[in-house]
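Peer 1: Sequence:
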Amino acid sequence: CCCCCCCCCCPSSACFSSFSLSTICLSLLPGPMLRWYSSALRDFPLTTKGLSSAVLFGLGDGLAQFVKQRRPHGSRDGNSGYDLDARRLAIFASFGALVYAPTQHVWMEWMERTVAVSWGAQPLRQAMARVGMHSMVYAPASIAANFAWVGMSRGLSIPETLSCAAPNAVVPVWAAGSFFWVPTMLYIYRFVPLDLRVVVTAAANIVWAAYLSMKSEVGVGVEEKETGTGRITERGL
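Residue numbers (this note's numbering): -1 to 235.
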């Protein structure tokens, strides 16, 4: 997707080779699984990235639900247990598979071919240019798409869905996300190979999806007041 400063982004750290993060992550898989996943990425890149993103976005939403319900008065029914909202989790997992993964795949392929190509000898400068483009174009668009996806999946009307994805809803989330995603994407564009960028970004999205899920819950809440009855129903995540 789209942004806490992280010292590991510093280019002076010679120990970070271009394959370090991806190699460490993938090396945690058993040998046969690692070979299978690498082969799937090569032969079926969109499907593999889509399924990976669905799992990771689902984990992010599950984390958001867990954190929310662990707060005082966080559970809707007052129960202190963990009551998973499977429908909500499915909405976020489907966004990861059907929207996030394919658009990120196309976006990163396009960036690799067209943005700051002449700066190949200056990889940090090249990565900074791509992060700037990513943060200003893809990030706000993906947040708006996420809010709209959640709204539509919850059965909101078109005006309500557009309101969820309006700039006054998107910009504060984009601004907050920049503190996480700018250094994260700088590392990814600088050190992670192209074929693994979507998956590594999706892994970072476990944290971001948890935050976005909680913000979407607020964004799609709709109160309907019936005149004279005083009854209020809330429709949201």
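Hints were generated in silico from the structure; no laboratory data involved. Built from N, CA and C at the ideal position, the CB exists for glycine as well. Do not rely on the hints blindly, as some may be mistaken.
Each pair of labels, with its calculated beta carbon distance range [stated by the list, open to error]:
(1) L160 <-> S36: 26 to 36 Å
(2) V104 <-> D41: 34 to 44 Å
(3) V169 <-> M31: 38 to 48 Å
(4) R111 <-> A84: 20 to 30 Å
(5) A84 <-> M134: 16 to 26 Å
(6) G130 <-> P191: 19 to 29 Å
(7) L122 <-> F64: 35 to 45 Å
(8) L82 <-> V115: 42 to 52 Å
Peer 1: Run every hint past the structure and note whether it holds.
Peer 2: For each hint, the structure was consulted:
Checked against the hint of 26 to 36 Å, the pair L160 and S36 fails, with Cβ atoms roughly 41 Å apart. Checking the proposed 34 to 44 Å range against V104 and D41 shows it is violated: the Cβ atoms sit about 18 Å from each other. Taken as a hint, the range 38 to 48 Å holds for the pair V169 and M31, whose Cβ atoms sit roughly 41 Å apart. Checked against the hint of 20 to 30 Å, the C-beta distance between R111 and A84 comes to roughly 40 Å, which is inconsistent with it.
Checked against the given bound of 16 to 26 Å, the beta carbons of A84 and M134, roughly 36 Å apart, lie outside it. Judged by the Cβ atoms, the range 19 to 29 Å given for G130 and P191 holds: they are separated by roughly 21 Å. Between L122 and F64 the beta carbons are some 38 Å apart, a value that agrees with the proposed interval 35 to 45 Å. Take L82 and V115: their Cβ atoms lie about 45 Å apart, and the range 42 to 52 Å holds.
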